[in-house]
Every structure is written in C-alpha cells, then in structure tokens.
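J.: Based on the provided sequences and hints, a complete structural model is requested.
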Amino acid sequence: MTEVNEGAVDLVEMIRGGRVESVHRGHAVICDGAGEIVEAWGDPSVIIYPRSSCKMMQALPLLESGAGRDLTQRQLALACASHQGAAVHTSTVAAWLHDLGLGESDLRCGAHMPYSDDAKADLIRAGEAACQLHNNCSGKHAGFLTLSRHLGAGPDYVEPDHPVQLAVRRAFEEVTGMESPGYGIDGCSAPNFATRLDALGAAMGRFARAREGGNPREDAMARLTAAMAAEPVLVAGEGRACTDLMRAMGGKAAVKTGAEAVFIAIIPELDRGIAVKIVDGGTRASEAVIATLLVRLGVLPAEAPVARRLTQGPITNARGKVTGGYEVRLA
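Position in the sequence shown (first residue = 1) + 10 = the working numbering.
Quick caveat, the hints were computed from the structure, so don't treat them as lab data.
Being a predicted model, the structure only gives us computed values, none of them experimental.
Ideal placement from N, C-alpha and C gives every residue a C-beta, glycine not left out.
Hints may contain errors.
Restraint-style ranges between C-beta atoms, simulated for each label pair [said to hold, decoys possible]: (1) 122 <-> 228: 32 to 38 Å; (2) 48 <-> 224: 18 to 24 Å; (3) 101 <-> 328: 31 to 37 Å; (4) 48 <-> 27: 33 to 39 Å.
T.: Now the structure itself:
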C-alpha cells in the first residue's frame, strides 16, 4: 500500500511576481458509478484518512437501520456537515437533540469556538464559552446519537467497539470496496477509517449512481446526496468553499471537504465521483483542484466567482493589493 507522499505530482503552483513561490503536490481521481477509475493524477492507490470528507458514509447506518427514516433534509445535511457554528447550525442541532430527549451534554464531540466570525463575536460579547453545539461535527454526532438510541446502545458512541462505530465501519468498507487497514481518532473523537484514494473516489461514484427506490443502501446514498446539495449552508456555512461551490452548481453536485486537504464530489447527472488529497495538507490547494475538476466536467461554470476565486485567486495583502495567484496543473 502506497504512503501518501509516494507518487504525488505537482497539482497547484502559487505565483508571486511572475515566479513560482511554492508548489502543492498531491493525488486526484475521478471514478464512475461502478467504482472504476476514469481519470487519475498522482498515485490513486495512496492510503489516506478521508477525515470529514466521508461524513455521508458515516451517516449511512443512520438511514439503513431505519433510525433516520423521519429525519428532514436539513437534519440529514447536518449529519454530513462540517458547519461553522452559526445560529442556523446550533439551533437546528439543539432542536434535534431535544426531539431525542437529549441535550448538549450527551454529545461526545467536544467544544471549540465557532468558525463563524459573527457567532464567535456574539459569544465574546456575551462573555459566554463555546459549547459542543458549536463543534463543526455536532450534526454528525446528533446522527450518531439517533442511531445509538435506535440500537439501544450505550452513551459512548464514539468508541471504536461501540455498535454505532462498528456499523459505520461495515458501511464504510462495503461502499469503498476494501477492508480498512486501520483508523485514527478524528478531531471530534470518532474513529476515522483509512482507505485508498481510489476506493474513496469509487465510493463517491457509487453515491453518484444511487437513486431512491432501489435497495436500502441506494436509498440512503441518494437521500444524503440530495440533502447536501439542497442545503449547502447547513453543510458548511456562508463564505465556505463547500457552500459556495454547491450554490454555484445549483444542486447538480454534492461536495465535501475534509481536514488535511481532502475533498470529494458526488455528481449524479454525470455518474461521477471525485476524490482529492494534497500531501502537505494545504486546504487552498484541495479547494483549487476540486473546483478545477468540477469546471472540467462541466458542472461548475468557469465564470462563477467561486470558481475564479478558488482556482486563480487573486491573493491579496493587508492593503488589498494583488500579490499573486494560483495555477492548477492538471495535464
């Protein structure tokens, strides 16, 4: 199995004063709905942690078990989200927990300051501390709690041997088509299962092909994809790449970032899934590559402001002067 730095190729160059200042190397793959590779850059067999890019896979048991049968699209979008802790996110998660007869203290994701500048400022002005509702993964954890309640399992749903995480691992391995070689503990304390990049891309291709009315797994895949595309603000938040990209595509695709520069896309109308990994963990590069590939496939207008911003820049300094930009290299 290839380690992440092996076989990487130059994907994004940072330009300043007409000179290449730095280069982001990585891997990318496009797969079809059967899980077959259509196009690839670098080495698609690299083993990675998908981090938050795989939240739709972590949510599969929630729907397949029947636990999430009555959940709304907004709740499903939050189950797949890395949100910024704005009021729209925290209030929706809080209401979801209330419906379960649970509260913020039942979450196991930990607290951090919201990514939303407005929400952060509100807390500071009020002299209040952030709580677990502000955690970008609180929606995913509300989904875990819903599944745990349905299974009659214990409260520590993030433990690798808990029925919730055992169900997640089964679904993850079945959809990627390979046994995971292991896991790391994610920022939200849940296990994150390693896989090959091409297996992640294949899983996204299978999500793209799934339609409601098939078997329970296809139903779950299709519902989660549709929820993400329909509720881009809940998946991330204002000004975030995921939200802006999905808005610009008008519901044609679902996209999701993950920590350490992973990015995926699910494109049902083209029967295509994409997976990207940048070796140095530079998010600006994974955003540039995913946007370039979405433009290349014709689902993201090249003239859309988010496409230009992510693939070209400009990079500006504190005085607003343009100092450089990006160039994506996809031969």
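J.: Hints first: check each against the structure and report whether it holds.
T.: Here is what the structure says about each hint:
1. With their beta carbons about 35 Å apart, residue 122 and residue 228 fall inside the hinted range of 32 to 38 Å.
2. As the Cβ distance of residue 48 to residue 224 is approximately 22 Å, the hint placing it in 18 to 24 Å holds.
3. The hint said 31 to 37 Å for the Cβ distance between residue 101 and residue 328, and at roughly 35 Å that hint holds.
4. Range check, residue 48 to residue 27: about 37 Å between beta-carbon atoms, so the 33 to 39 Å window is met.
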